[in-house]
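Q: Based on the hints, put chains B and F in the right spot on chain C.
Chains as they are written, first to last, in the numbering used here: chain C, 1 to 237; chain B, 1 to 186; chain F, 1 to 186.
Hints are not guaranteed to be accurate.
As the list claims (entries may be wrong) - Computed Cβ-Cβ distance ranges for the label pairs, DEER-style: (1) C:Leu26 - B:Gln176: 44 to 54 angstroms; (2) F:Pro105 - B:Glu25: 46 to 56 angstroms; (3) B:Gly58 - F:Tyr162: 41 to 51 angstroms; (4) F:Glu158 - B:Ala134: 38 to 48 angstroms; (5) C:Asn135 - B:Met123: 36 to 46 angstroms; (6) B:Val179 - C:His147: 19 to 29 angstroms; (7) C:Gly86 - B:Ala146: 54 to 64 angstroms; (8) F:Ser19 - C:Thr29: 44 to 54 angstroms; (9) C:Asn135 - B:Gln176: 44 to 54 angstroms; (10) C:Glu27 - B:Glu33: 54 to 64 angstroms; (11) C:His147 - F:Pro139: 14 to 24 angstroms; (12) F:Glu25 - C:Glu84: 47 to 57 angstroms; (13) B:Asn39 - F:Glu158: 23 to 33 angstroms.
What the hints assert, rightly or not - Each computed DSS-like pair below joins lysine-lysine, with the alpha-carbon atoms no more than 25 angstroms apart: (14) B:Lys149 - B:Lys131; (15) B:Lys78 - F:Lys87; (16) C:Lys97 - F:Lys87; (17) F:Lys87 - C:Lys105; (18) B:Lys30 - B:Lys87; (19) C:Lys25 - C:Lys105; (20) F:Lys78 - B:Lys30; (21) B:Lys87 - F:Lys78; (22) C:Lys70 - C:Lys25; (23) F:Lys87 - C:Lys25; (24) F:Lys30 - B:Lys87; (25) B:Lys87 - B:Lys149; (26) C:Lys50 - C:Lys105; (27) B:Lys22 - B:Lys78; (28) C:Lys97 - C:Lys70; (29) F:Lys78 - B:Lys22; (30) B:Lys78 - F:Lys30; (31) F:Lys87 - C:Lys50; (32) C:Lys97 - C:Lys25.
Stated by the list, open to error - Some chain B residues well away from chain F (every beta-carbon gap over 10 angstroms; in silico): (33) Ser19; (34) Pro32; (35) Glu33; (36) Val55; (37) Ala134; (38) His150; (39) Ser154; (40) Leu165.
Simulated from the structure, these hints should not be mistaken for lab results. Don't be surprised by glycine CBs; every beta carbon is placed ideally from N, CA and C.
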Amino acid sequence: MPYSVRIEQFEGPLDLLLQLVESEKLEITSVSLLQVTEPFVRHVREHHGKIPPEELADFLIVAARLVYLKSKAILPTLTDPELEEGPDLETQLRMYKAFAQAAAKIAALANAGRSSYGRIYRAPKREAPVFTPPNGVTPNLLRELYHRAARRLEPLIALPKTSLEHAMTVEEKIGQLRDRVSTLMHSSFHRFLSESQNKHEMVISFLALLELIKLRIVRVEQDGHFSDITLTLTNAV
Amino acid sequence: MTLDALIEALLFATSQPMSARKIAEAVSQKPPEVEDALNALQERLASSGSGTRLVRSGQTAELVTHPDAAEIVRAALKQELHGELSKPSLETLSILAYRGPMTRPELEQIRGVQSSLILRNLMLRGLVEHKEDARLGQPTYGVTVAFFKHIGLSGAEELPDYSELRGHSAVEQALQELVASHEHSA
Amino acid sequence: MTLDALIEALLFATSQPMSARKIAEAVSQKPPEVEDALNALQERLASSGSGTRLVRSGQTAELVTHPDAAEIVRAALKQELHGELSKPSLETLSILAYRGPMTRPELEQIRGVQSSLILRNLMLRGLVEHKEDARLGQPTYGVTVAFFKHIGLSGAEELPDYSELRGHSAVEQALQELVASHEHSA
Chain C
1 MPYSVRIEQF EGPLDLLLQL VESEKLEITS VSLLQVTEPF VRHVREHHGK IPPEELADFL
61 IVAARLVYLK SKAILPTLTD PELEEGPDLE TQLRMYKAFA QAAAKIAALA NAGRSSYGRI
121 YRAPKREAPV FTPPNGVTPN LLRELYHRAA RRLEPLIALP KTSLEHAMTV EEKIGQLRDR
181 VSTLMHSSFH RFLSESQNKH EMVISFLALL ELIKLRIVRV EQDGHFSDIT LTLTNAV
Chain B
1 MTLDALIEAL LFATSQPMSA RKIAEAVSQK PPEVEDALNA LQERLASSGS GTRLVRSGQT
61 AELVTHPDAA EIVRAALKQE LHGELSKPSL ETLSILAYRG PMTRPELEQI RGVQSSLILR
121 NLMLRGLVEH KEDARLGQPT YGVTVAFFKH IGLSGAEELP DYSELRGHSA VEQALQELVA
181 SHEHSA
Chain F
1 MTLDALIEAL LFATSQPMSA RKIAEAVSQK PPEVEDALNA LQERLASSGS GTRLVRSGQT
61 AELVTHPDAA EIVRAALKQE LHGELSKPSL ETLSILAYRG PMTRPELEQI RGVQSSLILR
121 NLMLRGLVEH KEDARLGQPT YGVTVAFFKH IGLSGAEELP DYSELRGHSA VEQALQELVA
181 SHEHSA
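Just chain C, same shape as in the assembly:
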């Protein structure tokens, strides 16, 4: 499917998050975000194949930030500078909501059909077609400008591929994790996270972990309030 069409079909992660919060008739608070973490992650999982590849990473990042919030609630010592970076999700969602409401008003204006129209330019009749070449244009300048325009397209064409490379599939990661858990049996949550190479991988690890817990493949154990979480493979596999 061409990139120009694909983009129109799916709304972003904040839109999804806002819809979930509103469908539960909740205010936007840190607590309500915790409440919609599960449906959000479930939605991302279920619509995985339908999310445009260039947007997948953004959905995963929001999912990761939600899971991070939730994990922090049970494991207060957990901190990750990267996931803490930038405005918090709550602020971001409030801001998004303000613009989503404005967009609805703009939509009403657009649909009212009250457009303005400019003039149609009509060349004066008496002026015969003129030839007024610009100064200083050379074949080499044309070459340079054309080449530059063509080069400008390259990142756009590479976009779906680079985005996909960014967002490794959750399923793949689950497989890896399952293998790791089978061999190790015990795996520390902290170590698990620290082994992630970058933010994106961490995001996926988070999701995969959540997945495994929900599928009852992994059991999460925590000895004390501030101690590390231990991951254990259950008999389900």
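A: Just chains B and F now, kept in the frame of chain C:
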């Protein structure tokens, strides 16, 4: 909105002289009402310090610029025709030289920007013209022979690295996306 | 003839959006005088019951028909209603209309999603354009005069709840944090 304002908008947008009968049809009013409104419009433009005026000859009416602005307006239009080409115009010219003839959507797909005004300007200057072959139901545009001659070439083939750059893979792929999106939306 | 009438005649004759800089050149006046005259023109058209109005976005101005005349003008031009804008398009246009010009990372910070394709799409449709000022080494984007024509407003100030959203404190905070994190990672 008053009838005279409505008629003003109509004459403004269509940009050509219109007969009172056609105006009456367009605004769904009777000729006497239109006649009154045309008088009101003429008077309002004259008394409100407008830069435009209503000219009437026989049964037709036309909006034109005020004669006091004639000199400046003429100079500006001349400047548009003879001044330096803007960067976007030069880029458009180079894309049409290497890759033309092409349709406007194809050109825009490569530039990534809506380009109708630029095409209009390049055509007014005789640097770009409609070519014979239409594609996807759209007219195609290419640079004129006169322009090639002006830069000392007998045709596109003599442009530096012509065959290599004409088939530039990024350009090729962008144009294929356009075809694909057409098929998709069809 | 007053400067605002002269500019009205100029915009009428060139029949396209013009930047304040180009207008200033054409009428041989300084930018502040042109700015004042554009305001006066906008005011005069609004208060004299004109069928036309001045639409402005950033530094660009265009003379267009009044939205009250939309139906009649559309019929006379044999134009169809504009196609509906998708939800992501509306969202992006709204953010840029209220808060623009802004860079792509700033836009993405608010939308929470990668936006290069939607920006490209809107630029192809002529609803969004690069604006002159770059920030953080990035180009900035804003809505065009064509966008305001489409929704029948004369400029950003007429947007619903404009001042409220323009100064939205959450937006302010988020964008500031974005700048901070940029500086941090730089």
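Q: Against the structure shown, which of the earlier numbered hints fail to hold, in ascending order?
A: 5, 9, 15, 18, 21, 26 and 27
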